[in-house]
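Whole structure, please, built from the sequences with the hints as guidance.
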Amino acid sequence: MRFGVVVFPGTWSDCDFHYVIGEVLQQPVKYVWHRDRNLAEFDCIVLPGGFSYGDYLRAGAIAGRSPVVEALPEFVARGGVVLGSCNGFQILCEAGLLPGALMRNEC
47 MRFGVVVFPG TWSDCDFHYV IGEVLQQPVK YVWHRDRNLA EFDCIVLPGG
97 FSYGDYLRAG AIAGRSPVVE ALPEFVARGG VVLGSCNGFQ ILCEAGLLPG
147 ALMRNEC
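In my numbering, the protein residues as written are 47 to 153.
Honestly, the hints are just simulated from the structure, not real lab data. Please read these numbers as outputs of a predicted model, since none were measured by experiment. For glycine and all other residues, C-beta sits at the position ideal for the given N, C-alpha and C. Certain hints may be false.
Stated by the list, open to error - Okay, the calculated beta carbon distance ranges per label pair:
hint, residue 1, residue 2, range
1, Met47, Trp79, 15 to 25 Å
2, Leu71, Arg150, 30 to 40 Å
3, Arg124, Cys153, 19 to 29 Å
4, Arg48, Glu116, 18 to 28 Å
5, Asp89, Tyr65, 28 to 38 Å
Have a look at this one:
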């Protein structure tokens, strides 16, 4: 399986995912810049955790409209797999690629 780990401004676990996939799992992996749209060389795209674009509007709101995320529906339609961890999951929700909405928990 060929992995792509997306790098957004502000994410921090992209390096961790890249290390684990490449060194521990011994799978081919490359970084994918948030402005890239061509995902044809990958079987799985990883959206890592962190604070993409500083989460200035709300978690994942800006990243959810980035070129790489806009390319995900076509990627999935051709059989690609997407993993969203932490902020990556929030990005998938903000982009409308997962059902539901993010809400704050009552403390």
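The hints, checked one at a time:
no.: 1; hint: Met47 x Trp79: 15 to 25 Å; result: 21 Å, holds
no.: 2; hint: Leu71 x Arg150: 30 to 40 Å; result: 35 Å, holds
no.: 3; hint: Arg124 x Cys153: 19 to 29 Å; result: 42 Å, violated
no.: 4; hint: Arg48 x Glu116: 18 to 28 Å; result: 21 Å, holds
no.: 5; hint: Asp89 x Tyr65: 28 to 38 Å; result: 19 Å, violated
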